[in-house]
Amino acid sequence: MEQDVLVRLTGIVKRFGAFVANDRIDLTVKAGTVHAIVGENGAGKSTLMKILAGEERPDEGTIEIAGSSRSFSSPRDAQQAGIGIVHQHFLLADALRVWENVVLADEPGTALRLDSRAARSRVASLAEENDFLVDVDALVRDLGVGGRQRVEILKVLYRDARIIILDEPTAVLVPSEAQSLFAAMRRFTEAGAAVIFISHKLDEVLDFADEITVIRAGAVVGRTTPAESSASDLASLMVKVAMPAVAPREVPPGTDVVLSATEVTVGEPGEVPALDGVSLEVHSGEIVGVAGVEGNGQSELLMALLGRAKHSGAIAMGGHDISGLPTEERRARGMAYIPEDRHRDGIVLSMALRENAALGYHTRPPVRRGPWFSRSGAAGVARAIIAQFDVRGGGSSTLASSLSGGNQQKFIVGRELGSDPRVLVAAHPTRGVDIGAQSAIWSELTAARDRGLGTLLISADLDELLALSDRLLVFYRGRIVAELDPRDVDAQELGEYMTGVRTQIGGAA
Amino acid sequence: MIRRIAVTLAGPVVSVLLALLVTTLFLTFGGYSAASAYEVMWNYGIEPASLVSALNNAVPLYLAGVAAAFALRMGLFNIGVDGQYRVAALAGAVVAANLPLPLALRLPITLLVCCLVGALWALVPALLKVYRGVSEVITSILMNAIATTVVAILLADVFRSGGGQNTGTAIIDAEGAMPALVDLGIGNRTTISGFLLVAIAVGILFYLIQYRTVFGFTLQVASKSPEAAESAGIRVNRRIIWAMLGSGAIAGLVGLPHVLGTAFRFDGTLPTDLMFTGLAAALLGRSHPIGIAFGAFVLAFVERSSQVLGLVKLPTEVGSVFMAVILLSSAIGYWLTERADQRIALWNALRRRRAAGRHPGSPPPPTPSAPGMEAAR
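Residue numbers (this note's numbering), protein chains in the order written: chain E, 1 to 509; chain R, 1001 to 1377.
Just so you know, the hints here were simulated from the structure itself, not pulled from any lab data. Some hints here could point you the wrong way.
[Stated by the list, open to error] In the SDA-like style, the derived pairs of lysine to any residue whose C-alpha atoms are separated by at most 20 Å in a straight line are:
hint, chain 1, residue 1, chain 2, residue 2
1, R, K1224, E, E328
2, R, K1224, E, L349
3, E, K30, E, R148
4, R, K1224, E, R162
5, R, K1224, E, S402
6, R, K1224, E, S397
7, E, K310, E, R479
8, E, K30, E, S350
9, R, K1224, E, L399
10, E, K310, R, G1133
11, R, K1224, E, T398
12, E, K310, R, P1226
13, R, K1224, E, R344
14, R, K1224, E, R308
15, R, K1224, E, R375
16, R, K1224, E, K310
17, R, K1224, R, R1238
18, R, K1224, E, S401
19, E, K310, R, R1238
20, R, K1313, R, V1040
21, E, K310, R, E1227
22, E, K310, R, R1235
23, E, K310, R, Y1131
24, R, K1313, R, G1133
25, E, K310, R, G1045
All of these numbers come straight from a predicted model, not from anything done at the bench.
Take these sequences, add in the hints, and give me the full structure.
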């Protein structure tokens, strides 16, 4: 029935520069249903939801809410149209109480006086109606993630949202919390609301959604229902890569272990550990790939290896335990690092390439000369990187910010590989770079591998993982769920492991 | 390169011009002749005795400015310089008066003790920032208030020498005081204090540490990108502590020119507001040791020359107004010059693009560093 359609998105296009995040997406969500949107990282799910929630404006396409065409110029407009979104990262004021957070910006009372009694009782009754076990007077900073999420949902309910968007709501929850969330979602739909939830956990999608839309590379590639499809159907729709042949290697990997992690766990007490008892080994001359949907413990593994995150378990380099060593010592022992986000911790944009060449290598010659920082030494290193790795756009005194992203990345890769490391921990080494830079970086990584460098390669780009890795570990919910041989794996199998449909028992090394 | 230098210099020049403008308005609306006031000030200011006095007065301002800049380069506002130098000055006065050693030993020890005490006073805000996440601005200001009380109690109950009306520490004899560097002998009071050398040494040390050592490099990285610093193995928290310790150590010297060169004891005559003028000098000089020296001298010169205005029945507040405006305008001055710099860069880029558009296929001209070359096209 036409009047049952609460949301109708037609031909939504959103471009960021030359990149098309949403390519003519059509989406229909009916009242009283739970609609799941699934897709890989960067498939465009979050962008689409931001458009629906008024946080981004579409370049093309129309939004219809309950039959009438709308154009949102702000999240406020979308709120008034009955749309509420719960972001993956909560937006709460820690120092305020639960009910204060909920009513914030829509306080009852007059402009000068907050009717705190009405506000508090309204929030308390909302929580009670929905069976939310949350103390409305508690300070938000005292709540766990589950509690915070309930506060976020209360915020949406308080504004009478009829279309509730949940962006990866279960990523941070323990299973029992997830169950009660799904029960709550059911109550909302029974009351006539529509719930849109984003996930790449296919088991829960199949269990709880009424309708499923699969998005890949910004376009809708499938519309289905749990009754009509299986997890492996969905996985193969979500993950589609041309399987490139792994270049046959001439130098066999070494036998000595250069980097090992034993039962490494990272997490806040009382929460689900983000990295849960992971053990792995990297041999010299070997590239070990880590596959997984983002947010399944890869970042935590990086930070633990680098010595920036508190962890339990042991990490060793070349047989020596480095668990207790600070980052400085680990790097001095030959751990090179290519960060996930180059602008966050790879380079300093406001410094010259000369200074950036010294970053992480300031404790050794030629940059360090006694207590002195040798500008000429650092400039020499920068020039060597620029020449060897074909970094274009400036010399050693050019500011890093005036280089293009690809050249910044080549500079980082050059700095890390040029330091004669023993171990390379690399995350997304070719993210956001063009094809030319990508193949240059790939060949540098394999050349370093043939020279005996042990590399742990974390990437969201499956082509990259399959092209470079000697072994492939799949992460799901902070654990290694499979160890695969990239030479004989198919996309569907990989997709199933990544989305938790399948697990290889005892797959951990 | 030339543009870089021009932009660096433009900030302070704009600040001073703005300050002159506001002061002129202040005088004119007050019914005074600004021109004659400036003339009187200038003539008095360039007298040898005035210049020497301005130079000597610039020394503590310079030290305060360098102390502030040391923390500023790590992105920290050490607003506790006042408290640090007052506590350190008391310690210095006690050591200088009581240590039974010859000058050659007693003076360096006094300086060192002052540095230590200043650093310790600055350590409290640093530790609170690192371990409790409290802003150093708040805690270092609070430490100033604590310093006032602590100094008052120590002075009254412990270090006061003699009884009755005496409210200072014991007098420092010639073996404990700072000797004069040189007496120019051109008229009244033209002795340059030995603290000028201390200030120069501190300036050189500041430059070497901040601009030339690996430590200075790590401070820069930690202030510009804490995340990049941590991943590079630079522990940001330690940099915060070291930056505050360094800042406090320099701050510890600020009160000494007065104690060891003017009052020869610690008493109520110690100026208590050197920090803000010093901060103005640091802002004027863009935290560069030579720039701060320039700023400190300009401020001391204005302070000194405005004293004469009272004699010719003009408001002596002109000096205070001038300095207050400098403090405000040094922020605006940078903003204006930075914007102008960006405009110029944008303009150059646009012109290059247009030029390239007119001659399709022609290679883009080389780097835009020389605007003159662009104009010649």
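Status of each hint after checking the structure:
no. : hint              : result
1   : K1224/R - E328/E  : holds (18 Å)
2   : K1224/R - L349/E  : holds (9 Å)
3   : K30/E - R148/E    : violated (28 Å)
4   : K1224/R - R162/E  : violated (45 Å)
5   : K1224/R - S402/E  : holds (16 Å)
6   : K1224/R - S397/E  : holds (17 Å)
7   : K310/E - R479/E   : holds (17 Å)
8   : K30/E - S350/E    : violated (50 Å)
9   : K1224/R - L399/E  : holds (13 Å)
10  : K310/E - G1133/R  : holds (19 Å)
11  : K1224/R - T398/E  : holds (17 Å)
12  : K310/E - P1226/R  : holds (18 Å)
13  : K1224/R - R344/E  : holds (11 Å)
14  : K1224/R - R308/E  : holds (18 Å)
15  : K1224/R - R375/E  : holds (18 Å)
16  : K1224/R - K310/E  : violated (24 Å)
17  : K1224/R - R1238/R : holds (15 Å)
18  : K1224/R - S401/E  : holds (13 Å)
19  : K310/E - R1238/R  : holds (18 Å)
20  : K1313/R - V1040/R : holds (11 Å)
21  : K310/E - E1227/R  : holds (16 Å)
22  : K310/E - R1235/R  : holds (15 Å)
23  : K310/E - Y1131/R  : holds (16 Å)
24  : K1313/R - G1133/R : violated (52 Å)
25  : K310/E - G1045/R  : violated (61 Å)
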